[in-house]
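Starting from the structure of chain D, add chain Y where the hints point.
Residue strings, one per chain:
2 protein chains.
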Amino acid sequence: MSEVTKVILDAMGGDNSPGEMVLGAVNAVKEKKDLFVYIVGKEDDIKEELAKYEYPADQIEVVHAPDEITCHDAPVMAIKQKKESSMVVGLRMLKEGKADGFVSPGNSGAVLVGGQAIVGRMKGIERAPLAPVVPTINGVSLLIDCGANVDARASHLVQFAKMGSIYMEHVIGIKNPRVGIVNIGAEEEKGNALVKETFPLLKECKDINFIGSIEARDFPYGAADVVVTEAFVGNVMLKLSEGLASALVKMIKQGLTATPISTLGAVMVKPQLKNTLKIFDTTEHGGAPLLGLNSLVVKIHGNATNKEVKNALFQVESFKKNDINGKIREHLLSEKEDV
Amino acid sequence: MSEVTKVILDAMGGDNSPGEMVLGAVNAVKEKKDLFVYIVGKEDDIKEELAKYEYPADQIEVVHAPDEITCHDAPVMAIKQKKESSMVVGLRMLKEGKADGFVSPGNSGAVLVGGQAIVGRMKGIERAPLAPVVPTINGVSLLIDCGANVDARASHLVQFAKMGSIYMEHVIGIKNPRVGIVNIGAEEEKGNALVKETFPLLKECKDINFIGSIEARDFPYGAADVVVTEAFVGNVMLKLSEGLASALVKMIKQGLTATPISTLGAVMVKPQLKNTLKIFDTTEHGGAPLLGLNSLVVKIHGNATNKEVKNALFQVESFKKNDINGKIREHLLSEKEDV
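Order-wise, the sequence lines are chains D and Y. Quick note: the first sequence uses my numbering, first residue 717, plus one each step. Quick note: the second sequence uses my numbering, first residue 717, plus one each step.
The shape of chain D in the complex, shown without the other chains:
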């Protein structure tokens, strides 16, 4: 029998907590024998949800945490003061080595702060980037960094490129992933001070497949597999993509039902349209990993459904089995020796 992967699931803090969290865990352990899930949160609520399903009871354990970090909490304060929240309890368990990864739908800022403060960065990693896998017209791209660590330096971006490459190759399965840096023109001399400083450093990296600058216009077409950028820009790109897609879909839906004929047509195109828009479904690829920590922390959407929860749990398994942190360590060590 293969080794068991243990995951800590923060059942609170999401829009669908704890119902969808629990169902995601139940579906995950039913599908994989070698998966064990600690569900952390309000014990009574979680057990009430668990009672609805049949599942292998020896693969799930409920860990009581009476408090909860909400989306209204200020991240740093919440992590410091809400010691009995599901997020802090879960991150502490991860720090203590009780599991291989931690998954949370909760307050993004708090996950970022808590991951760094409680779990800690790997030695040699300067920053821990949040790196969501974003759907494109031709597959998926890793957008790294979308976190809260703004005003990055060039050396940070180089580490992001390396960690992102390892993740895309070994977790998502893209051989020799193309690394691009977000820029405002395709030429090497273009860009702001940070991009101009980072570009030659990426060009020198032998262990990544650097293809140069990519323009934001080509991002939805999958211009690179690993899209490197500073967190402020990455965050803007991620949120603008979400906002624009939702605005367009909303408008198209309104447009389709504007006349009786178009409404009839809308019924006929609906299944195909749904299929098309599914490509932009971010729940397929689990959550956004916070890379470079001592253990894996995954942020899933606040409104994550059981499918996203299940995929995030599997993502931890894949991260562990492919020894991503070992590979990151290896690349960093060899880099340090070079210097």
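FYI, nobody ran anything at the bench for these hints, they're computed from the structure. Be a bit skeptical, because a hint or two may be false.
If chains are identical, the list can't say which one is meant, so a pair holds when it fits in one copy or spans any two.
[To be verified] In silico DMTMM-like links for lysine to aspartate or glutamate, alpha-carbon gap of 20 Å or less:
| id | residue 1 | residue 2 |
| --- | --- | --- |
| 1 | Lys955 | Asp934 |
| 2 | Lys912 | Asp867 |
| 3 | Lys966 | Glu931 |
| 4 | Lys966 | Asp934 |
| 5 | Lys796 | Glu812 |
Chain Y only, in chain D's frame:
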């Protein structure tokens, strides 16, 4: 009779040059008696196009320029060396006060460089931002700055906010326009160093209607009328919006014709869908003004059609009639006195 507005139109350097440029000018002068257009470029080609139409001949004059700046030229070099290009000839005419504005579909970088180098910034203006009017689900927003002047300082962003407000109020006609700064969270303490420094300065400005941070997610919903950001981020937002909209539309079209039933339905929804997507038609609002120069420079799309050309010519008229530069000067002078 009201005063004549004179516009210099760079007929070269666009995908549809000079055909659509000439037709745009012809339609514009046919519609407005008090408009005069200098069409600059290869005289023979322009005259050949003009010969196709009937129009008031006393409202158009062709100015010969034998050379052309293409999209492959490096901006600074091109402006320096291609002295007989339509762009440089046109910008020089503007500098000499022969017209009220200059419109070009050519090389964006060259328009930005040429505008600043040849026409020059107004006294007191630290940077000349490129400020396209971008369609949103609820109207339009001015995205300022999308130019090539990256790594802006807080004082630049404050000027952008003021110039943008004047433009939106007096050219686009939005009373007391809401000014927002692009940020990665709605709270005042969020953001990168630049945003944190700029936020309190904008809050203090009495002559703008500052509403605080806006997240990129809300940009397509028209969260602010004047959306202030540093040029790198603005450029990324503009290009990502264009890329994502085109990718989505492409996918939807493919999806609609995937089955016989959906294809039949597609025929029925097509007129409404077209209407819906027209909202994202950027050609309605002319081009992107380069604000803060001694005279108005407008960059239209490289693939601009005659409609966009015509609207850009009208935009110059509106800019002149509303004395936008006078208003900008007034605000800057009072600011200088305050200091």
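Okay, the hints, checked on the actual structure:
{"no.": "1", "hint": "Lys955 - Asp934", "verdict": "both (16 Å within a copy, 8 Å between copies)"}
{"no.": "2", "hint": "Lys912 - Asp867", "verdict": "both (15 Å within a copy, 12 Å between copies)"}
{"no.": "3", "hint": "Lys966 - Glu931", "verdict": "between (26 Å within a copy, 19 Å between copies)"}
{"no.": "4", "hint": "Lys966 - Asp934", "verdict": "between (23 Å within a copy, 14 Å between copies)"}
{"no.": "5", "hint": "Lys796 - Glu812", "verdict": "within (18 Å within a copy, 64 Å between copies)"}
Going through the hint list in order, the structure satisfies each hint without exception.
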